[in-house]
Structures are given as structure tokens and as C-alpha cells.
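Visitor: Each chain, written out:
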Amino acid sequence: MSTNGFAFGSTSAASALAGEVVEASTTEFLAQAIELDSAPPFGAFVEVATDDALTIYGVVANVQTAGIDPGARAIMRGHGDVRDERIYEENPDLPLVLRTTFRALVVGFADGDKLYQFLPPRPPRLHYSVFTSPAQTVQHFTRAKLGYLQAILNGSNVPVDELLAANLRYTSAQYLDGGSEFLQQAGRELAQLLRADYARLTAILRRCLAPIEAA
Amino acid sequence: MPLDLLELSTQVRQMGDVLAERRADERRRLRLLDDLLAEWRDRWLELAELAETVQERVAVPTGPLDERVPPSPRPPSYTAMASDGAEIDPDRHGGSGDFYLINIGRVRIPYGQPGRQVEMRSVSALGYTDDDLFIVDPRDPRRQVPMRDRHLDALRTVAELRALADLAEAEQDPNGPPSVALVDGTLLFSVLEERPRDFLRTRFYTDFVFQLERLRRARVPVAAYASRSRGIDLVHLFRAVCGSTPLVCQVCQGAHACALRGLNDAHLIGRGLERWERSGLFRVRSNVHDPYYGIHRAYFFLLATGDETARVEVPEWVARDAALLRLLHAVLVDQCLKGFGYPAVLARADDRAVISLADREVLEAMVQQEMARRGLSTRPSAKLARKQVRTV
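Same order as they appear, the protein sequences are chains A and B.
Take 1179 as the starting number for the first sequence in our numbering and just add one per residue.
Take -14 as the starting number for the second sequence in our numbering and just add one per residue.
Incorrect hints may have been included.
Here are a few chain B residues that sit away from chain A, every Cβ distance over 10 Å (derived from the structure) [as the list claims (entries may be wrong)]:
| no. | residue |
| --- | --- |
| 1 | L(-9) |
| 2 | A5 |
| 3 | L30 |
| 4 | P56 |
| 5 | R77 |
| 6 | G97 |
| 7 | D116 |
| 8 | A144 |
| 9 | F184 |
| 10 | Y190 |
| 11 | R199 |
| 12 | L342 |
To give an idea of the chain B side of the interface with chain A (calculated C-beta under 7 Å), a few residues [what the hints assert, rightly or not]:
| no. | residue |
| --- | --- |
| 13 | I94 |
| 14 | M105 |
| 15 | V108 |
| 16 | R333 |
No lab work stands behind these hints: they were computed from the structure.
For glycine and all other residues, C-beta sits at the position ideal for the given N, C-alpha and C.
Next comes chain B alone, as it looks inside the complex:
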């Protein structure tokens, strides 16, 4: 057993002390922050103005901070769509050469429409051509960035949204029951760039926004759902307000350090929400995303599901349409009831997306078979070979 359990048990005990102390400290700081929130509750216009001057990504309030919206009754029938994805990165150590796999689970469940079929599918695609494996700078073809790790994550995120747009466009009947489309996570996915104004963001965000536009044209509201959100856009805004200088800050003097440290948005405004209520809307002001997103700029609200606070992101055209927002809220409540705290349709999409160890082995065997048929060797790297066959 490679773990030194004796040593670990001591460390776990020490960590317990720290965690307990941190929890107590958190409660103390939350009481201090209640005063701060009370002070700004109705001065949200001032806050919003201030937010526009901040460099980093912040939440811009669109109403009083303590706004609470109860859900509308759920529609008698509606169609829920969701997609989720998983990927296998190119394996540097395996012998099967460079390829990646993106598996998208796409699900459409028509509720209250007994005549319609439920769709639950996996769509698997290999990437193996040079075009797949490298992102090429259109201005300088010599610059190539391998499609792996974070970039492959971004590619998967785009593929997830494309699957949703496909589903949305297949919903033909404009007079039929309303539809809602969900993805897991965030609309504001990150793309790391190696230098300023690089080509990577353009590549991924343009494609992503195109899929958002397809959803808008199909008039299907889309939302990204993050369970137990740890979003800190509003925290960032308050940090900008107070200047992050605890020594001169009235709030933080009682806390001996910045009272916002380690807290997230759910701590700030999620506590006031009753079960199934949502918070007001906040726009996320992001210098990274806004130039690409245009009319699809992201807004979010927090949703209390009883056991936790979820964060729901929507593009601007959903945020500005009260009817779509009401529909989305009502559907999310019904979905969380059906899925025991997490939207049922997203859970099904996740089931169809996840790649098990057994699946990986089957794919590996298929690739090896194909290579063997062509007389190509598939030797793993020395390091992997050493892991596969342990020597003593």
C-alpha cells in the first residue's frame, strides 16, 4: 500500500482542527458581511456603475441584492433537453498513436406528451487527423497548438452545445409545448492563450457563440447549471468596492483579514433564499468573454434547491425575456424534484456521456487490433510498460 496511513492520520487530525476553526471564522465573517450587504442592498445602481470600472471579472447587479423570486407553476407539458460530454485525451504513453475521443450524451425528454419518444443517445467521435489534433493559427500556419488538456475540454464544451442546438432545431412545432435546453457547468468556459490576442479564443468562442445563436433562433432557452456553485463574481465586485484593504475597512477590522476571503456568491446572497426561490439576475462582466459573446453575454442567478445553492447561467436574450425566464425557473424546479436535487435530464445526459474504464479498454483493444491488422507496432512507452507489468 503506497499510502503512509500512520503519517496521514496525524495530518488528517491536524487538518480537522483547521477546518473546524475555519468554519467558525466563516460564520463570524458572514455576520459582518450582513452589514455590508444591508448597506448596498438598495444602492445596486451605484454598484452596477462601479462594476463597469473594474478590470477583473465581476457580477453586475440588475436589481436589489436581496431580490427573491418564487417559481411559477410548472407548465403541464414541456420538453427538456440536455447534453453532457466526456473525453479521452491523446495518450502520450500508449502505443496506439495520437487520437482523442469525445463522447457526447444527448437527451430529450418530452414531459406530458405521451405520443412522443424519449431520446437518449451517445454520440462518439474520434479525432485523429492533423486538422483534429492541432489548432493552427490562420495567420501563421507554422504556429500549431496541440488539441489536448484544456483545449480538448473547450472543444468538448462546444460539442456539447452543438448537440443541444441540434436537438433544439429538431423541435419543429412552434405551437407545441415549450422546450428548455440545459448543459452542465458554465457558459463562460475558459480558453488559455499563450499570448495576447491569440487565435485560440477566437476559434472556440466563435463556434460556441454560433451554437448559442442557433438556440436563440430556435427560441429554446438555454442554461448552464452548476450544482453547489462556488462562483465568486459577486465576491469580486465587493472586493472591488472595499478595495481589499482590510486595515482601513470597517467591515474587516472585526475579522483581522478581508472578511470575503474564501467565501463565494452563494454565501453572500444564497443564504436568504427559501427552497426553489431564485435570486435576482446578475450580468457577468468578463473582459475575456464579452468581446466574443455579443448578444449572448452571460447572466446568472442562484437557485435554492433545498440542500444546496445552484448557479444558473443564461445568455442575455433569455435574461431579458421574462416569459422564458419564468419557464426556465419552473422547469428547473420540476427537474430538480424529479432528479432528487439535480436536474433529471442532465443526470441522464451524464449517464450517456461518461466513459467507463471498461469502455476505455474496449476502445484501446479496437485500436490495437486495427493497428495489428496493418502490421503496425503498438508498443507503450517504457514508463507505461513498467506500470502495466510490475517488476520486483
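Just chain A, same shape as in the assembly:
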């Protein structure tokens, strides 16, 4: 088991526990993944509970693995037939000096059973647990309104179009029926948001579809 910089490993009792908040602001938060290389997928919904009973929702916008010490850079360690996973077996200390972090854009919050698709009054607290949102929550959050797509569209320093498409693919997969109704609604919402940029709209929608077949 990779421990991602946690000195005594992790007990993943709750399977959806994804990480711990290590930087927080109004619009986004950074979390350290509970295990090395095990961040939630790009575009996934994650959530953090606050002390005043709010649940803040975010969309994973960036995942990074690097040395914990900002001054320490990873260097090539492979030699002979020591490659890939064998490098980790040969250097069991690596998971304690490397870590995976993921950045999530804040897209809304819940107060009891009321959902809001705008920024919460305060950011999540540092060191609070980040969970991957269960499918029901994702369905609940995306069923009625899709105003959060605007928040993603306004994200800075993230590949916005890729993130939108990844989130739509991820979200539709959370519906038992494949989310065709959700995708249609999302298409309409995006058409509204990007009405002045048809080329960009089609580029995003194309990324939501099946893989490109080899000719």
C-alpha cells in the first residue's frame, strides 16, 4: 500500500474517503490524496463537510504527484530491470516522500437538503476530510439545475473545456440509465452559456461522446 506521505499509512475505513484539505480558498481547495497516485478522477465530484453543517462540493480540476518537500525533485531511479513498480519495491521509502494532491473547483454547497450552485459563505477548513461524492449525491446535485457549469467555465488555470467534458462524462456515468436525460439538459445549458462560440461548444460536446474510432 502506498502511503502518500502519511507516516503510518492510512486506514481506508470509509471507501469514499479521498483525501484531506491542505489549502483552501473561496473558489477552490487543494487536498492531499489518502494514498499515493489514488486521487479521484479528473472531473469527479468531491465534497467536504464544514462545522456549520454545510457540505461544500467541488469538481476535481487537477491532479499532481511530486515530492512533499518543495525543494526535493524526483529523479530517475530505474536501472537494469528495475523499472516501474519494481522501483517502488526497491525504495519503500518513496511513498513517504512523495504525495499526490488534487485541486477541486468549488461549484456549490448543500445546507441540509437544500442545494445551492454558487459559492459557499466560507471555504472548507484545512485538514478536513474530502470524500468522493456518492452517485446519489451527484444525481441529486445535477438533476434539477446545472448552474455549476458556469463556475467550471469561469475556472482559471485549468483546462476548462477538457474539465467540462470530463465532468459531463463522469456525471452521466453516475446515472443508472447512462444519464441521457442529464446529457441533453447539460447540452442545452452549455448551448445557452456558449451561444456566442459555436465552434467551442461543439468541441466540448464532441469530447463527451464515444472514443474516436480508428478509420
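Chain B: place on chain A using the hints.
Guide: Relative to the frame of chain A, chain B by itself:
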């Protein structure tokens, strides 16, 4: 900018001339010394006998001088332990009163044992009581020596070895994979005494040797690793052989001065080593350490890591146990491969020991906060205050 760069650049150029000349001279003298070494290569018993009569600290050979030992294959699984330390001296100029900090990085990495956890920890301890801050002569309590500078270094060295002994004793399974324990530097740390037969050496060396004994009982071979060693114990022995009188010395006549000047042991016997080979064992005969160390008397060998020659010191019970020595050698080779020329486990211990400037500031702020909470003033000395706020 406080440096006079114009003046310095001239001096750097002049220094370059001298350094280049010195390097050329060194090569010339090494050729002369090859003859000396050839002469004594197989007369090591004679040398060893001679070493016993020398006053200063010397290396006592235990075999032919050109002995070269290739490494054994590394064990499929083993546990590497290491500790390293750093300290903050009591700050005379700060306002926070007298305290010191010793930070020990202790690391245990089980290789080839997927079920076991890696341990990497820092253990930080403040010293602030009178007992911490002063070493008291047990025979004369009025004599007190402040715990700072070299004495604090010695205290840290003992703390490093204690951390290793703790790790070694925690390795319970006698049938499990073998373990090796490493510290950075030397087993033969120095303790300055102000007068003969003072109490300072007793205090530090007794504690140090007790930790060595714990390691021996745990049957974990311990070694001190010095990267690019500049040890001169063997040089001292040869100086004793030739009497340090260049005028009548056959070797040195060609060099116009003692050919051994400025050279170290690695120059003498490190040059003959192929990568990963170790030299023979030498016992360090030290009038300072031997009375305290007993069965833990220090031996050393040189290890060629490719880019440099390292010196590895071991206590006598490791030196006399061929199996432990083979294990240590094989593990050191694997560790240097993993750590790009320096044992990986020691590098991790160093990472955990080092105290950054930011860490110092955090500690300083914590202390100041605590003092302020109690209404105690924390004024720095006038000199420090002047440094903190520059006036024009």
C-alpha cells in the same frame, strides 16, 4: 554588498595558482609514496607493532596494506536503520532565555519486506532545566560547564546513537531479515576537556558506549559513515614510521618536504580500490577513546563508491565478525546505489533532522508567545537588535 569583489577576484586568481601547483605537487608526492607503501605492504605486522608505541592517534593495520575485498551479493531482504541529528545552540543574544534544541531524524526502511511499514520520524527535544544546561562535575558540584558548542555536539552524537539503539531493540524477530544501523560521521567524536582526567569525557563516552552495547546485544551491526573521508590515522602511522624528518628520509628527499603533508588515508590506500571494493580493516588506536570504549574500540575500512572514497567505522565486535562485516559491506553498496553515492537511509535521516530557517523562526515565535503570555520580556541583546533593524 559587504564583499569587496574587486579585491577578492585578485585573491581568487592568486589562490588558483597555488591550488594548481599544490595538485601537481600532490601527484608527485603520491608517486614517491607508492614506493613507501610497496616497502611496507607485507610488513604490516611490524607496522602494527610499531603503532602500539606511538603516542598520537594512529591506524593499526590488521592485514596487508593493499588488501581489497569485493562486496558480497546483497541479501534479498534487509532492514536499514539510520539516525542523524541537528541542534540549535542556546542563543546568547536572543531574549528568550537559555534553551537548546536537539532534533533527531530516525529512519527504518525494511527492504524486500512488503508487509512492514517504513518509519521516518523527527524527535525534537528542548533542553532548558539546569540539569540540561550545565554539565556538573560529580566530584565537585561547584564546577559546572555550560552545554553548548562542542559539548552540545557531543550530546547530539549520543542522542543519535540512542535513537539507533531504540530502533535496533524494536527489531524483535531473531529469525527475520538482517538489520544494519548507520550514523553519519564518526564513532570517535571528540570531547574537549579543560584539564586532564576531567569529568566531561566520562560523561559523554560512557553514555555513548552504553548505546553501542545495546546495539551489540540486539545483534545489529552499527557503522559510522563518512563521505569523502579526510581521515589521517594511517598517515599519522607513516609519519611515526619515518619520524617526520624529511632531510634524512629517502622518500621525502625528492619532495623537499614531508611527502605525507596534506595527504589523507584515502590518498594512500583508497586509490587502489575498484568501485564497491573495501580496504582491509584498521584499528584506530586512540589514547582518548580506548579507555572508555573497551570491546567497542573503533575499526575502520575505506569503501570506494565510484566517485569518492568513504570511511566506514565499526566497533570491534562488528570488525571481528566476518558475517556481520560481509552484511554491512553488501548493504552499504546497495544503499549507495539507491542513494546515488550516499546511503539512501542516511539521506532520509538527514532530511528529518535538518532544522530550516523557517523551523527556527517558528520555534522562536512559540517561545516568545509563551513568555509574553506570562508577562516576561524577551528583549534581544543590543547587538542582535541592531542586526534586526538596520539603522543608517
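Visitor: State for each hint whether it applies.
Guide: Here's how the hints hold up against the structure:
| no. | hint | verdict |
| --- | --- | --- |
| 1 | L(-9) | 33 Å, holds |
| 2 | A5 | 33 Å, holds |
| 3 | L30 | 43 Å, holds |
| 4 | P56 | 17 Å, holds |
| 5 | R77 | 30 Å, holds |
| 6 | G97 | 8 Å, violated |
| 7 | D116 | 31 Å, holds |
| 8 | A144 | 20 Å, holds |
| 9 | F184 | 39 Å, holds |
| 10 | Y190 | 33 Å, holds |
| 11 | R199 | 24 Å, holds |
| 12 | L342 | 12 Å, holds |
| 13 | I94 | 5 Å, holds |
| 14 | M105 | 5 Å, holds |
| 15 | V108 | 13 Å, violated |
| 16 | R333 | 6 Å, holds |
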